[in-house]
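Visitor: If you read the sequences in order, they're chains A and B.
In this text, residue positions in the first sequence follow my numbering: the first is 542, and each later residue adds one.
In this text, residue positions in the second sequence follow my numbering: the first is 78, and each later residue adds one.
Among the clues, some could well be false.
Said to hold, decoys possible - A few chain B residues that don't get close to chain A, going by computed Cβ distances all over 12 Å: (1) 88; (2) 94; (3) 101; (4) 192; (5) 193; (6) 198; (7) 224; (8) 312; (9) 314.
Unchecked claim - Using C-beta positions, here's what the derived DEER-type ranges look like: (10) A:874 with B:362: 52 to 60 Å; (11) A:566 with B:111: 28 to 36 Å; (12) A:939 with B:484: 36 to 44 Å; (13) A:981 with B:200: 46 to 54 Å; (14) B:111 with A:950: 19 to 27 Å; (15) B:533 with A:552: 41 to 49 Å; (16) B:460 with A:939: 55 to 63 Å.
Think of the hints as simulated: they come from the structure by calculation, not from any bench.
Please read all numbers here as calculations on a predicted model, not as lab measurements.
Ideal Cβ placement from N, Cα and C applies to all residues, glycine included.
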Amino acid sequence: MSDTVAMITLALRIAVPAIMLIIVILCFLSLSFGRREEHALIALDDEDNNVRYPVLFWENILGRSRNSDIRVPDATVSRDHAVLLRREEGWFITDTDSKSGVYVNGTKTQGRHPVFVGDKITVGMTTLTLRRADDPTDANQRRKISPPRQRSTVSCSFILTLITILIVVLSAEGLLCSGSGWAMPHALIFCGVMWGFYTVSVRFFRRKSFELEALAFMLSGTGIILNAVHDQKQGYIQILAMCIGIILYCFMLWFMEIPDRVMKWRIVIGIIAILGLLLTLAIGKNLNGAKNWIVIGPVSVQPSEFAKIALIFVGASTLDHLQTRKNLFGFIIFIGICIGIFFLMSDFGTALIFFVTFLVIAFMRSGDFKTVILAVAAALLGVFIILSFKPYIAERFQAWTHVWEYAEDAGYQQVRTFIYSASGGLFGMGLTRGYLQYVFASESDLVFGLASEELGLITALLMSITIGGFMIYARAVTTRSRSAFYSIAACTSGGLLVCQAALNIFGVTDILPLTGVTLPFVSYGGTSMIACWGLLSFIKAADERTYSHKKSKIPANALPTQQ
Amino acid sequence: MRKINSRSFMILLMTLAFFAGLTYHTVNLVLHASEWVAEPTNSHLTDVDGLEFAGKIFDRNGVVLAQSIDKQRIYNDDEDIRKACVHIVGDNSVNIATAVQTVYRSELTKYNFTFGLGLPDNLKRGNNITLTIDTRLQKAAFRALGDYKGAMFFYNYKTGEILCIVSTPAYDPQDVPEDIETNDKYDGAYLNRAFSASYPPGSTFKLVTAAASLKEIPGIEGSTYDCHGSDIVGEDEITCYEPNGIVNIREALAQSCNVFFAKLAVALGKDKMTAYAEKMGFNSRRSFDGINTASSIYNVSEATENELGWSGVGQYTVLETPVNMAMISAAVANGGTPVMPYFISSIDGKPKNTTTLGSQMMDKEIADKLYEMMDYTVSSNYGKSYVSDKLDVCAKTGTAEVNSEGLAHAWVTGFCKDEDCPIAFAAIVEYGNYAYSVAIPMVKQVLDTAADIYKKS
């Protein structure tokens, strides 16, 4: 390499994390600015006591307990009395096994019952009248509502332009460092797909926000170039998988638009997932240590990746379902079967991800730490039994926290990750200029190390932080979701992505045992890429704006009145 | 929904844990990067061009031991110096684990974490490292060892500077022999025997037994023993090289009477022997300048009474490194506490080491008695001029039997009394058999060279 080329490469290597940092900051700023302020959708008036209860959410628990969304201080009202929820058709109330029942205009209700403006809802000794919330600054509403903030000035097309620059810089770096333009076609196709999807999303779906997708594109694109510079074919597979992932993403957003449709289909989804896993167990191939591949001709897929999506469908729930059927029995059976199958496949990474996801869902649904602690205790016991009966599994974990003592066998990959991450420094050696690429599974299990060595620690950390950011974002939109289903699904999906990222990153950096799972969006692995886009749709769906184009037909506070 | 929101707090905790993990990894990486990057398995550095921009290595007098010119690593012009210094300087690859070019590779290549190893060539510049060794002594020691395998270690017991550290067999780092892995001649050539090998210490271990006895057995200096060449200790015999007649502890050390010291070891018992050996550096690893030495070992937990006796004269399973042995002599010369040795003088012009005391090995009073006894050993047994023409040397030899055919390693350790030449040393000659006729003349060559250089009058 001549000195000039070397200096240009250095400049490009510094540019990559700089551009990435700007993208990440802009996206998260934009995500936090673009949200609706909480204001009442409708109100319930207690005319006897002259109290007004603003209804803030799309699904609300009505009851006496302190955590209720609509808290009625009446001793005859159950702690969790009913759920008041909004659907496209209008407002409904569901009695959630209350002692004294729910009466609408004097008639006792069963199941979901529509309510209209002017209706009188009687719970216990209290009668509430449904009203429009015309005055959002009602005296009873303590919180001061500031005028809606300006929409962030950063346009999504600007962010996409930055991502385009990032990908071009990366492929140029690949060209200068390796002398071959292997990643050039990938960069071109990728940018085409990204801008194409953006156009469709804005024009056809009329979506206003694109930050979440932009971040996923940033991760996927970096991963694609990182793969393509080492192996062109892998790069093409990743691009193809990303396209399929985007289609899945769009389909799932359509499917989830009506939460009640999801609630109807969830058992079917769960059964399909279990059948898929059983099929894998029966005819699956053992590639790289875990028997979780189905090979059909030139295509090999990992059904366990799709089972992650099914898991969230089965686990998440709307608030009225949640309040009426509090036990987790069916869900626990589903999880038990899945984890059992993963153990038979010796796919411990996925088993662990499912277990953590189960804990998240179980807690989100029940809010009960006792259940969670009990589950962890049971799991630890299970792990202990398995380890004592299957010593070869224990062997896999023997190097954990002692990798330097096993530098040539069980700790080989971790030790190389340390050495080559240290060699890469903050800005990396340059694409293809590393040595971790020659270590087994470098572009999947060790991709964090590969990125650290060739792109530098900052880039590797920014990609990890972005995945963590998905989860923070998922949590931030919880109360603004159109249903508890979306909230739970988004938090769980975020939790799953972060859990998987943690197992991947901390596995190779010896903070956790190495289990061999992929880094979401970045690692090589077609099925994983598709599933990650699928998981992202849960977070997207939780953002109220996703379906807000419907608002043009039905304004948020427009209510059908009784005919 | 408020309930769901409050429960999602758990999610936030998970994310925080994730970020905490990332922070931990980052801190861990930044703290250990320079150490990890210098790992022998790092292909970035062990490729042929790993040292193409590395800094120079100098000896204490500014003699260049290694430098990089036009991306080539060039070692000293003198082949003997190259071979004599290969174990301390190292070679292009990282075969010698304790060499400067292995352990200090990241300093030599001026590694910093910001750019890792990714700086363009025209911005690369290495750090120079100055060592405390003296190439003249290196060369003398290397020539003295000749075809023998072994090691010599000389250091200034007042400042800690290592003046000479030579290990054989050695090889030329400029032209590494192709059969180095297969030819028996190069067996263990990658090992710096002064740091990384431990041998049965034989009679040199009597210094430890003597120090323990002088402290623990009242009236020991007045008691005598009539040596007939062998005696029953415990269930079996302890033998001497020849009958020593009536000896006290001073004579017994000078004439190296095995029975006398074996009896002392038994009288002291396992616990006290172990305690004193550990005080004098056994059963632990020494480390200095980023290098861990091999362990010296004294373990008599399974020993019979006879074996305990043999352990008192440095046989049985006792093992010692040359560097530990030199430190025991240094402690005797220095009033009971040795100065820690070091070999890096400065990196990039910045001094790396200062004189530091190690842990105390014996009381001053005991050290002074051993001082006089080692002095007497030389004057009564070998004659001062046999050990050095120009320096006043106190020493103790050892011939450690290593197999039933009577083959033995030859040891000598000691120190110079001269104020202007405060050197403590240890030398091991593998299968040298005779400490007196093989090891001492080798040491003499180095000591006389040192006297020419450092002695003022």
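Visitor: All hints, please: hold or fail.
Guide: How the hints compare with the structure:
1. The non-interface label for residue 88 of chain B is inconsistent with chain A: the shortest C-beta to C-beta separation is roughly 5 Å, within 12 Å.
2. For residue 94 of chain B, the shortest C-beta to C-beta distance to chain A comes to about 8 Å, within the 12 Å cut-off, and the non-interface label is violated.
3. With a least CB separation of 6 Å from chain A, residue 101 of chain B falls inside the 12 Å interface cut-off, contrary to its annotation.
4. For residue 192 of chain B, the requirement that its beta carbon stay farther than 12 Å from each beta carbon of chain A is not met, with the minimum near 5 Å.
5. A cut-off of 12 Å between C-beta atoms contradicts the statement that residue 193 of chain B is not in contact with chain A; the least separation is 2 Å.
6. Some Cβ of chain A comes within 12 Å of the Cβ of residue 198 of chain B; the nearest lies about 6 Å off, and the non-interface call is violated.
7. A cut-off of 12 Å between C-beta atoms confirms that residue 224 of chain B is not in contact with chain A; the least separation is 35 Å.
8. Chain A leaves residue 312 of chain B outside its interface by the beta-carbon criterion, the shortest separation being 41 Å against a cut-off of 12 Å.
9. Every Cβ of chain A is farther than 12 Å from the Cβ of residue 314 of chain B; the closest lies at roughly 44 Å, confirming the non-interface assignment.
10. Evaluation of the 52 to 60 Å hint for residue 874 of chain A and residue 362 of chain B yields a pass: the beta carbon distance comes to about 56 Å.
11. Against the hinted window of 28 to 36 Å, the Cβ-Cβ separation of residue 566 of chain A and residue 111 of chain B comes to about 31 Å, which satisfies the hint.
12. About 41 Å separates the C-beta atoms of residue 939 of chain A and residue 484 of chain B, a value consistent with the hinted range of 36 to 44 Å.
13. Distance hint for residue 981 of chain A and residue 200 of chain B: a CB-CB separation of about 33 Å, inconsistent with the stated range 46 to 54 Å.
14. For residue 111 of chain B and residue 950 of chain A, the Cβ-Cβ distance of about 26 Å falls inside the hinted range of 19 to 27 Å, so the restraint holds.
15. Taking the beta carbon of each, residue 533 of chain B and residue 552 of chain A are about 59 Å apart, not inside 41 to 49 Å as hinted.
16. Between residue 460 of chain B and residue 939 of chain A the Cβ separation comes to about 60 Å, which falls inside the hinted range of 55 to 63 Å.
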